[in-house]
Amino acid sequence: MKTTIKNGYYGKFGGTYIPELLYNNVNELCSRYEEIISNNAFKKEFELLLKDYVGRPTPLYFSKNLSMKYNTNIYLKREDLNHTGAHKINNALGQALLAKKLGKNKIVAETGAGQHGVATATACALLGMSCVVFMGATDIARQAPNVARMKMLGATIVPSVSGTKTLKDATNDAIRYWINNAEDTHYIIGSVVGPHPYPDMVAKFQSIISKEIKIQLKKAIGNAEPDYVIACIGGGSNAAGAFYHFLDSKKTKLIGAEAAGKGIHTHESAATLALGKEGIIHGSKTYLMQNKDGQITEPYSISAGLDYPGIGPLHAHLFESKKATYYSITDMEAIDSAKELIKLDGIIPALESAHAFAVLAKQKFKKSDVVVINLSGRGDKDLDTYLKYI
Numbered sequence: 012m013k014t015t016i017k018n019g020y021y022g023k024f025g026g027t028y029i030p031e032l033l034y035n036n037v038n039e040l041c042s043r044y045e046e047i048i049s050n051n052a053f054k055k056e057f058e059l060l061l062k063d064y065v066g067r068p069t070p071l072y073f074s075k076n077l078s079m080k081y082n083t084n085i086y087l088k089r090e091d092l093n094h095t096g097a098h099k100i101n102n103a104l105g106q107a108l109l110a111k112k113l114g115k116n117k118i119v120a121e122t123g124a125g126q127h128g129v130a131t132a133t134a135c136a137l138l139g140m141s142c143v144v145f146m147g148a149t150d151i152a153r154q155a156p157n158v159a160r161m162k163m164l165g166a167t168i169v170p171s172v173s174g175t176k177t178l179k180d181a182t183n184d185a186i187r188y189w190i191n192n193a194e195d196t197h198y199i200i201g202s203v204v205g206p207h208p209y210p211d212m213v214a215k216f217q218s219i220i221s222k223e224i225k226i227q228l229k230k231a232i233g234n235a236e237p238d239y240v241i242a243c244i245g246g247g248s249n250a251a252g253a254f255y256h257f258l259d260s261k262k263t264k265l266i267g268a269e270a271a272g273k274g275i276h277t278h279e280s281a282a283t284l285a286l287g288k289e290g291i292i293h294g295s296k297t298y299l300m301q302n303k304d305g306q307i308t309e310p311y312s313i314s315a316g317l318d319y320p321g322i323g324p325l326h327a328h329l330f331e332s333k334k335a336t337y338y339s340i341t342d343m344e345a346i347d348s349a350k351e352l353i354k355l356d357g358i359i360p361a362l363e364s365a366h367a368f369a370v371l372a373k374q375k376f377k378k379s380d381v382v383v384i385n386l387s388g389r390g391d392k393d394l395d396t397y398l399k400y401i
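Just so you know, we're using the working numbering here: the sequence shown kicks off at 12 and counts up by one.
Hints listed in this document are in silico derivations from the structure and should not be mistaken for laboratory results. Ideal Cβ placement from N, Cα and C applies to all residues, glycine included. Check each hint, because a few of them may be wrong.
[Unchecked claim] Per label pair, the in silico range of CB-to-CB distance:
1) Asp391 x His276: 30 to 38 Å
2) Lys230 x Leu355: 19 to 27 Å
3) Asp395 x Tyr64: 41 to 49 Å
4) Asn234 x Leu355: 24 to 32 Å
5) Ser141 x Leu32: 35 to 43 Å
6) Lys373 x Asp195: 42 to 50 Å
7) Ala372 x Tyr34: 46 to 54 Å
8) Lys262 x Lys354: 27 to 35 Å
9) Met79 x Leu59: 23 to 31 Å
10) Pro30 x Asn116: 21 to 29 Å
11) Asn116 x Ser332: 35 to 43 Å
12) Pro156 x Asn192: 39 to 47 Å
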């Protein structure tokens with residue numbers, strides 16, 4: 012692929028901006044991760060777990076009702092049907108297996124919506140590893156079902172009480188914990204963010220999504236390349252996975268949906284690409300929301316998983332190179348798109364995923380177009396929020 016990482020960078024975005032105390036851990040990952048994950052024994056073990064434990068391949072569902080409404084051909088990649096209810100398990104299992112190969116049996120993770128935390132706790136329970144998950148106190152309150160699941164799976168939940176008490180703050184605390192426990196602990200980052208090699212590693216583990224889309228679409232319509240692939244963007248792991256095998260396609264247009272919150276002009280938003288500028292966050296150079304002095308501004312979204320002031324360096328590169336288009340979706344646009352999907356297809360999406368469906372009302376499609384939307388997670392965790400609006 013031409014759109015690939017080189018020396019830790021996608022174009023000018025990425026890199027390894029880390030404290031000296033993490034150099035040994037990150038350098039070990041850089042020097043060994045590709046060798047380990049490309050090993051035939053590792054691939055066999057990982058692929059078997061994806062098939063028999065996670066439940067892959069997930070269906071590529073043709074939505075007759077959405078297709079009729081928008082006068083095009085709409086397919087849903089059903090990541091919500093994975094074990095644990097989202098795409099996050101793909102990466103969590105992959106990294107947990109990698110940690111085992113590195114001789115580390117202790118795991119730390121951050122989580123926003125709780126799906127990555129649940130996936131990590133699940134992988135740790137399966138593989139007999141200890142698990143500490145940092146989660147913003149605000150998110151703990153609004154994602155109670157996932158907090159309960161993590162506790163049942165044996166994870167220790169540590170509230171983050173600084174800042175807005177959301178994903179950014181949980182990530183800060185998880186990194187600090189890792190610095191103090193670097194010798195025996197692996198940090199499973201949940202998105203395509205952080206220092207190299209995390210963005211590349213997470214994208215590779217999530218690339219199973221686009222790999223399956225190509226196989227399934229070829230079988231369904233005789234053509235492996237859709238006209239559009241749409242996915243929501245927080246840090247951007249589900250989108251990276253859905254985009255991965257189409258990055259150099261001359262046919263497929265890539266569309267990301269980031270969280271505009273109450274609107275990009277309200278100061279209550281998480282629309283990083285609309286509002287941000289270049290800077291350093293959590294170990295990499297990318298776009299992030301910041302004031303004129305370079306201080307990170309607090310993000311806001313109704314969706315805990317998209318409530319992040321930065322974005323993965325791959326997406327920063329795709330945005331700047333115009334390889335992908337990104338829409339800013341407000342809370343209410345996401346709610347309305349969720350209502351529509353519930354009414355037309357009987358599917359309750361995660362609030363994160365609902366942002367991707369809102370693109371349907373913004374982008375013009377031809378009747379002959381084939382549109383794939385990555386339904387990254389199910390909405391069980393968001394029922395309390397939905398009930399306020401539905």
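Hint by hint, here is what the structure shows:
1. At about 33 Å, the CB distance of Asp391 to His276 agrees with the hint of 30 to 38 Å.
2. Distance hint check for Lys230 and Leu355: the Cβ-Cβ separation is about 24 Å, which falls inside the suggested range of 19 to 27 Å.
3. The given range of 41 to 49 Å is broken by Asp395 and Tyr64, whose C-beta atoms sit roughly 29 Å from each other.
4. Checked against the given bound of 24 to 32 Å, the beta carbons of Asn234 and Leu355, roughly 25 Å apart, stay inside it.
5. For the pair Ser141 and Leu32, the beta carbons lie near 21 Å from each other, so the given range of 35 to 43 Å is not met.
6. About 48 Å separates the C-beta atoms of Lys373 and Asp195, a value consistent with the hinted range of 42 to 50 Å.
7. Separation of Ala372 from Tyr34 is about 47 Å and conforms to the stated range, judged on CB atoms against 46 to 54 Å.
8. Under the hint 27 to 35 Å, the C-beta atoms of Lys262 and Lys354, about 32 Å apart, fit the expected range.
9. Met79 and Leu59 have their C-beta atoms about 39 Å apart, which leaves the hinted 23 to 31 Å range violated.
10. Against the hinted window of 21 to 29 Å, the Cβ-Cβ separation of Pro30 and Asn116 comes to about 23 Å, which satisfies the hint.
11. A hinted range of 35 to 43 Å for the beta carbons of Asn116 and Ser332 is consistent with their spacing of about 40 Å.
12. Our hint of 39 to 47 Å for Pro156 and Asn192 is violated, since their Cβ atoms are close to 28 Å apart.
Of the numbered hints listed earlier, those contradicted by the structure are 3, 5, 9, 12.
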